[in-house]
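**Q** Here the protein sequences line up with chains L and Z, keeping their order.
Each residue of the first sequence is one higher than the one before, starting from 1 at the first, in the numbering used here.
Each residue of the second sequence is one higher than the one before, starting from 1001 at the first, in the numbering used here.
Don't read these hints as lab results, they were simulated from the structure.
Note that beta-carbon positions come from the ideal geometry of N, C-alpha and C, so glycine has one too.
Accuracy of the hints is not assured; some may be wrong.
Example chain L residues on the side facing chain Z (calculated, C-beta under 8 Å, incomplete) [to be verified]:
no.: 1; residue: Ala8
no.: 2; residue: Asp9
no.: 3; residue: Ala155
no.: 4; residue: Arg157
no.: 5; residue: Leu326
Using C-beta positions, here's what the derived DEER-type ranges look like [what the hints assert, rightly or not]:
no.: 6; chain 1: L; residue 1: Leu415; chain 2: Z; residue 2: Asp1316; range: 17 to 23 Å
no.: 7; chain 1: Z; residue 1: Trp1082; chain 2: L; residue 2: Asp259; range: 37 to 43 Å
no.: 8; chain 1: L; residue 1: Asp259; chain 2: Z; residue 2: Gly1384; range: 41 to 47 Å
no.: 9; chain 1: L; residue 1: Arg244; chain 2: Z; residue 2: Ala1084; range: 32 to 38 Å
no.: 10; chain 1: L; residue 1: Val423; chain 2: Z; residue 2: Ser1297; range: 38 to 44 Å
no.: 11; chain 1: L; residue 1: Arg60; chain 2: Z; residue 2: Gly1245; range: 39 to 45 Å
no.: 12; chain 1: Z; residue 1: Asp1081; chain 2: L; residue 2: Lys235; range: 35 to 41 Å
no.: 13; chain 1: L; residue 1: Trp82; chain 2: Z; residue 2: Ala1243; range: 28 to 34 Å
no.: 14; chain 1: Z; residue 1: Ala1388; chain 2: L; residue 2: Ser297; range: 54 to 60 Å
no.: 15; chain 1: L; residue 1: Lys64; chain 2: Z; residue 2: Gly1416; range: 42 to 48 Å
no.: 16; chain 1: L; residue 1: Pro379; chain 2: Z; residue 2: Asp1081; range: 34 to 40 Å
Protein chains: 2
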Amino acid sequence: MSSSALFADLYEFAMLRAYFELGMNAQATFSLFVRKLPPQRNFLIAAGLDDLLHEIEQLRFEPKHIDYLGSLKIASQPFLDWLADFRFSGDIYAMREGAPFFENEPILEVVAPIAEAQLIETLVLNQIGLQTILASKAARVVAAARGASVVDFGARRAQGMDAATKGARAFYIAGVESTSNVAAGQAYGLPLAGTMAHSFVEACASEMDAFQSFSEVFPDTTLLVDTYDTLEGVKKVVALAKARGPNFNIRAVRLDSGDLDMLSRQTRRILDDAGLTDVQIVASGGLEETRIDALTSGGAPIDVFGVGTDMAASSDAPTFDIAYKLTEYAGEGRMKLSAGKRSLPGRKQVFREFRDGVAVRDVIAREGEALPGVPLLQPFMLSGRRVAERSCDLPQMRNYAKEQLAALPAQLKALGSHARFDVAISDELASYERETRARLID
Amino acid sequence: MSSSALFADLYEFAMLRAYFELGMNAQATFSLFVRKLPPQRNFLIAAGLDDLLHEIEQLRFEPKHIDYLGSLKIASQPFLDWLADFRFSGDIYAMREGAPFFENEPILEVVAPIAEAQLIETLVLNQIGLQTILASKAARVVAAARGASVVDFGARRAQGMDAATKGARAFYIAGVESTSNVAAGQAYGLPLAGTMAHSFVEACASEMDAFQSFSEVFPDTTLLVDTYDTLEGVKKVVALAKARGPNFNIRAVRLDSGDLDMLSRQTRRILDDAGLTDVQIVASGGLEETRIDALTSGGAPIDVFGVGTDMAASSDAPTFDIAYKLTEYAGEGRMKLSAGKRSLPGRKQVFREFRDGVAVRDVIAREGEALPGVPLLQPFMLSGRRVAERSCDLPQMRNYAKEQLAALPAQLKALGSHARFDVAISDELASYERETRARLID
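Okay, chain L solo, but in the shape it has when bound (with noise of 0.2 Å):
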């Protein structure tokens, strides 16, 4: 796996160096903001904060690290050695993890010589960026199941090993309720479940064979059935369950195929009518919230929908326009005036505004400002040192997206809609882009 002091575009490295040989080390800002909402989505949750604080925060240059980079034509020596004494010394400003957040809003600013802000770029981008991604994609999963679990079942689809593991967090963070990936429970403490796959059914002398025996060494477990006929399996379940009589303790019976309203309703049916009203059924295979929503609107019984593919990897949005640009340098607002980039200069804060319960309005403010509302942005770095009071455990991360959640006006939410936020800009900000842009112009 690459170590993250190297995880940077090249360009990131020369800038370093001319910064260094220029002698430009003033207080930089940098604001990270999303430019455009995906087509498919009204609101993002923003997630991933505290793996790249940590990150951030252990990000030094080993010497196989220094020797790589003395490879490349952009070091010299000098430039070596100061990269060899390189700590992240200052202040980060963020949304906590579960807001739910819209677009042109800072979700994160980073207050610090240039050279140190410049250096993350690589890094807050590709880590932000995949987990908010993820867990904006859970939170429409989460809502279309309508109660109902959701286990993440995407280690396998997820796009590398570090997109599933901390996918999984982001997802659990948005409401599901727990992953089928082991090394992300070690990873982050997160609730595990699985069942049983299609070989260990296909393995054994026969589908039957494959019940007795899985269920004997775990008497509580889920069992697969829809090997070699879904409705056929679910009433071999029933023939153990009279076998085994008090000592049948099977959980649940997972549907992985087929039209799964239609047998989730005879699968209940089959299990209600031998008396096996405690038996859950989970459903998978190619699931993702319109089909959810189809299924749940319904009333297909089914208790626990593992869904895999499609959230895993952000399907209908996988990427989107998120950006990290420079918004003031050595006390003066920065911004760029390419075509269609617009950045908003200078420090900032959002405002988000509540009547009765329900968000109504954010603002985008200069930092200073007193406006009505609360205001997102905290600190949760100084002086490269992470702010202890404001970690909090993923429960209460969860929570608090879950409370954001609630919060936000209904249409947002409904799945197939295209609504917007208002998201308004304050007097003194739009003053100060204006300036700006004026003293750039000139």
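Since the structure of chain L is provided, determine the placement of chain Z on it from the hints.
**A** Using the frame of chain L, we list chain Z on its own:
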């Protein structure tokens, strides 16, 4: 970063425990294949094998893994002791990295005691899936560039660090020239490329000041000209050339926004008029194969395409239906009969037939058959060790991919086409499938 020993779905460990308790340790064959090509792909490019084999060869459970597994209720002490001694001892047959392949073709087969082959399922799917998806996307981008260079700028938009770094490798195999990702440069010895960011230009007192000072540090750099106004930026490069005279060595200018077709032509004219015919044009900003195709087919004078977001996550086809299925256990063919989920039983081989240097047909056969054409599955690991004579370096894989892509029928490679390659099943395999099905239905 998570350890790959725990990078498995919980059910793999549950099944391993069951195999252990039940004494099921016969040889199994698992086949890796893509059930259905994404609608936007007529072929895929196999990639990720060498990284996977390395992980499998190294796979060990360390005390911290055993401790964690011991905390899960699926574990027992004898099972944990068995895991502590785990080594993969099986054989792996696979297509070479860079090979184009099609629906339902086995691209990798694992032959090992069932528990060993089962444990690596999640890892195999995730890792071969990742690089294969990304190489397959990059092949399209490279084709669209029609001989212009393609540089990977995607580290910031990839889904995680693993995706970014292994993606850079996969892109290189598929014909991308270089990457901006320094971690990938170090991990795989890939050529690096990079220029400067808008933040550098904005931090300097003026654009002219930025160009002067950056090119003093890096005389043969690429200057980013679109921070404020692209053509004004290009004129500043011309002014710099006049001021520097024979000491002017700027290699290229980069356009990152606006109408790249029009701007590249105007830029070329300004540069040529100033005698700067050697200064190249790099274009970037939201590029993917269809936009690149439009630019190159229209003759836009762009020498290098910097491609990020869309290639980094294969945005138009970010996942696919890749499966790893038990096809043989204890010498007998195995298969699912679930709706719509065909798997071909037994060990297999794929023969590719060529006519006049063009691939005309693949035949999926039983292992051991001798059919016309080139057999694509070769042993890459035997008894848990990599086969030395099969190892090859990235430039060799890249050349192989180039040759094999050149031999594909033209209609498969046309960007917007939906052509299908002829993939047949040998008579022997077809009758083995029928026999296996009949045996299972009995």
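**Q** Look at each hint and say if it fits the structure.
**A** Verification of the supplied hints:
1. Ala8: Nearest chain Z Cβ about 6 Å off; hint holds.
2. Asp9: 4 Å, holds
3. Ala155: 5 Å, holds
4. Arg157: At 5 Å from the nearest chain Z Cβ, arginine 157 (chain L) passes the 8 Å test, so the hint holds.
5. Leu326: 4 Å, holds
6. L:Leu415 - Z:Asp1316: 17 to 23 Å: Since leucine 415 (chain L) and aspartate 1316 (chain Z) have Cβ atoms about 22 Å apart, the given range 17 to 23 Å holds.
7. Z:Trp1082 - L:Asp259: 37 to 43 Å: 41 Å, holds
8. L:Asp259 - Z:Gly1384: 41 to 47 Å: 43 Å, holds
9. L:Arg244 - Z:Ala1084: 32 to 38 Å: 33 Å, holds
10. L:Val423 - Z:Ser1297: 38 to 44 Å: Since valine 423 (chain L) and serine 1297 (chain Z) have Cβ atoms about 40 Å apart, the given range 38 to 44 Å holds.
11. L:Arg60 - Z:Gly1245: 39 to 45 Å: About 43 Å separates the Cβ atoms of arginine 60 (chain L) and glycine 1245 (chain Z), which means 39 to 45 Å holds.
12. Z:Asp1081 - L:Lys235: 35 to 41 Å: At 38 Å between Cβs, range holds.
13. L:Trp82 - Z:Ala1243: 28 to 34 Å: Between tryptophan 82 (chain L) and alanine 1243 (chain Z), where Cβ atoms are some 30 Å apart, the hint holds.
14. Z:Ala1388 - L:Ser297: 54 to 60 Å: 58 Å, holds
15. L:Lys64 - Z:Gly1416: 42 to 48 Å: 46 Å, holds
16. L:Pro379 - Z:Asp1081: 34 to 40 Å: 49 Å Cβ-Cβ, so the 34 to 40 Å window is violated.
Going down the numbered hints, you'll see the structure goes against just number 16.
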